[in-house]
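Engineer: Chain by chain, the residues:
2 protein chains.
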Amino acid sequence: MESLQPSSTQYRPTHMREVKWSPSEKNIARRVFEAALQREFDAITQEVKQMAQRIKTPSDLWALEDYLTQSRKEIDRKFDYRYSVLPIVFAQLITDGRITHEELRGLAEDKLGYVRLASESRARKSE
Amino acid sequence: MESLQPSSTQYRPTHMREVKWSPSEKNIARRVFEAALQREFDAITQEVKQMAQRIKTPSDLWALEDYLTQSRKEIDRKFDYRYSVLPIVFAQLITDGRITHEELRGLAEDKLGYVRLASESRARKSE
Numbered sequence: 001m002e003s004l005q006p007s008s009t010q011y012r013p014t015h016m017r018e019v020k021w022s023p024s025e026k027n028i029a030r031r032v033f034e035a036a037l038q039r040e041f042d043a044i045t046q047e048v049k050q051m052a053q054r055i056k057t058p059s060d061l062w063a064l065e066d067y068l069t070q071s072r073k074e075i076d077r078k079f080d081y082r083y084s085v086l087p088i089v090f091a092q093l094i095t096d097g098r099i100t101h102e103e104l105r106g107l108a109e110d111k112l113g114y115v116r117l118a119s120e121s122r123a124r125k126s127e
Numbered sequence: 001m002e003s004l005q006p007s008s009t010q011y012r013p014t015h016m017r018e019v020k021w022s023p024s025e026k027n028i029a030r031r032v033f034e035a036a037l038q039r040e041f042d043a044i045t046q047e048v049k050q051m052a053q054r055i056k057t058p059s060d061l062w063a064l065e066d067y068l069t070q071s072r073k074e075i076d077r078k079f080d081y082r083y084s085v086l087p088i089v090f091a092q093l094i095t096d097g098r099i100t101h102e103e104l105r106g107l108a109e110d111k112l113g114y115v116r117l118a119s120e121s122r123a124r125k126s127e
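As you go down the protein sequences, you meet chains A and B in turn. Counting from 1, one number per residue, gives the positions in the first sequence under my numbering. Counting from 1, one number per residue, gives the positions in the second sequence under my numbering.
These are computed hints drawn from the structure, not numbers from a lab.
Computed cross-link-like contacts, DSS-like style, restricted to lysine-lysine with a CA-CA straight-line distance of at most 25 Å: (1) K73(A) with K49(A); (2) K73(A) with K73(B); (3) K49(B) with K73(B); (4) K26(A) with K78(A); (5) K73(A) with K56(B); (6) K125(A) with K78(A); (7) K78(A) with K20(A); (8) K125(B) with K78(B); (9) K56(A) with K49(B); (10) K49(B) with K73(A); (11) K78(B) with K20(B); (12) K56(B) with K49(A); (13) K49(A) with K73(B); (14) K49(B) with K49(A); (15) K78(B) with K49(B); (16) K56(B) with K78(A); (17) K73(A) with K125(A); (18) K56(A) with K56(B); (19) K26(B) with K78(B); (20) K73(B) with K56(A); (21) K78(B) with K56(A); (22) K78(A) with K49(A); (23) K125(B) with K73(B).
Pulled out of the complex, with its shape left as it was, chain A reads as follows (with noise of 0.2 Å):
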């Protein structure tokens, strides 16, 4: 692992854009960032939901415009499928609860290294 630290601001992006993906690990990237994105979907389906149910006054129906356009900016900023930042996309998706690291088996140690890395440092972060 000590080999994926990144050792400066400069380092990390060129390290990752230098990392190549297999077929197989583009599979399973794709398959598990688009399991991540229906989960959120369907997370925020069942949220409106509730608050649409609860509407009561105008500032409910206000509260609500707010949350879906503050979820439709976050899954723009946070469902990046450029695969020189798909590590990081995937630590922060851990972190969230959206996808285990159990699901991204059949990556090679590169990548996995690197997604550890980044959820745990998220996870100190958050502590």
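Since the structure of chain A is already known, use the hints to place chain B on it.
Structural biologist: Same frame as chain A, but now just chain B:
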């Protein structure tokens, strides 16, 4: 009604700014305005609940967001409680089916004539 006919684009606002509203007319106007606003919110809430129940895809979510945003802007635009524009606001609400001429009973003819004129003009435009 002849004297109420605006003779130029400059005439109409000048005319309405000069019209005096008695305390009892202001009471009626406020009551009708608030009732119309409540009906607008009720209609939006009903539509939002139905749309929320039918959500199946992400695009349904963003369609709901868009509906809420448009509704909020529409309310901001339509519900303008300035006496200088109130007859036009009431005319629009009549055209939209949110209020009836009957509810404005008690306002003096200088307002009612204007409301009739404006709502008939809007009805003709939408034919």
